[in-house]
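Undergrad: Those protein sequences? They're chains A and B, same order as listed.
With the numbering used here applied, the first sequence covers 1 to 111.
With the numbering used here applied, the second sequence covers 1001 to 1113.
Heads up, a few of these hints could be off.
Unchecked claim - List of simulated lysine-lysine pairs, DSS-like, C-alpha gap at most 25 Å:
id, chain 1, residue 1, chain 2, residue 2
1, A, Lys81, A, Lys110
2, B, Lys1057, B, Lys1009
3, B, Lys1057, B, Lys1071
4, B, Lys1071, A, Lys98
5, A, Lys81, A, Lys106
6, B, Lys1071, B, Lys1009
7, A, Lys106, B, Lys1009
8, B, Lys1057, A, Lys98
Bear in mind the hints are in silico, worked out from the structure with no lab data behind them.
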Amino acid sequence: GQSLEQPSEVTAVEGAIVQINCTYQTSGFYGLSWYQQHDGGAPTFLSYNALDGLEETGRFSSFLSRSDSYGYLLLQELQMKDSASYFCAVRRIDNFNKFYFGSGTKLNVKP
Amino acid sequence: NAGVTQTPKFQVLKTGQSMTLQCAQDMNHNSMYWYRQDPGMGLRLIYYSASEGTTDKGEVPNGYNVSRLNKREFSLRLESAAPSQTSVYFCASSEMKGYYGYTFGSGTRLTVV
Chain A
1 GQSLEQPSEV
11 TAVEGAIVQI
21 NCTYQTSGFY
31 GLSWYQQHDG
41 GAPTFLSYNA
51 LDGLEETGRF
61 SSFLSRSDSY
71 GYLLLQELQM
81 KDSASYFCAV
91 RRIDNFNKFY
101 FGSGTKLNVK
111 P
Chain B
1001 NAGVTQTPKF
1011 QVLKTGQSMT
1021 LQCAQDMNHN
1031 SMYWYRQDPG
1041 MGLRLIYYSA
1051 SEGTTDKGEV
1061 PNGYNVSRLN
1071 KREFSLRLES
1081 AAPSQTSVYF
1091 CASSEMKGYY
1101 GYTFGSGTRL
1111 TVV
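Given these sequences and hints, build the entire structure.
TA: So this is what it looks like as structure tokens:
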């Protein structure tokens, strides 16, 4: 089986930087994805890490440490539109077709 | 550029009724998925189809059946709906080569009374 732990809720101020952590336990770990979901909307893909290190895409970056079974999503220059839920999801080596999602972190951005 | 299209968007069923959720993608993806999302929880995989002609169970398959009709379409059927199946259902597709992430449909909000 597998388990993923994320904080349930994070609050930050517009313009600030926020880090959303994800700790996972799974056999045969292969990669970690991040998704954003606005209330009432569909999840949208943000990033994918299979190797240790930081991947940067505009204001968003994602980090993975395979030895620590840990990853995080870093959001810089926060905007009000970043208020959403963020999910990490693990991919296992025994089945590349399936991702297992965490329960999500609700990010509240305040003015 | 429609992406992944799900129908219907909303549905109310009585306990014991059956229905089929439809999903179609126009991105020529090989893999398609059905997830359910309950309040305060992440997405849980119901069934998936790695390629046309194949289907496999996910984490929570009980009470559901699927059909991969062709490369574009993947349907989810509830044979005898139960209140525990009240949820938001998302269809997704992906191309595993190079991994570019799932593309999700807009969801079906199902209530079973």
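Undergrad: Next, verify each hint and record whether it holds.
TA: Here's how the hints hold up against the structure:
| no. | hint | result |
| --- | --- | --- |
| 1 | Lys81(A) x Lys110(A) | holds (10 Å) |
| 2 | Lys1057(B) x Lys1009(B) | holds (24 Å) |
| 3 | Lys1057(B) x Lys1071(B) | holds (18 Å) |
| 4 | Lys1071(B) x Lys98(A) | holds (18 Å) |
| 5 | Lys81(A) x Lys106(A) | holds (13 Å) |
| 6 | Lys1071(B) x Lys1009(B) | holds (22 Å) |
| 7 | Lys106(A) x Lys1009(B) | holds (24 Å) |
| 8 | Lys1057(B) x Lys98(A) | holds (10 Å) |
In this structure, every one of the numbered hints holds.
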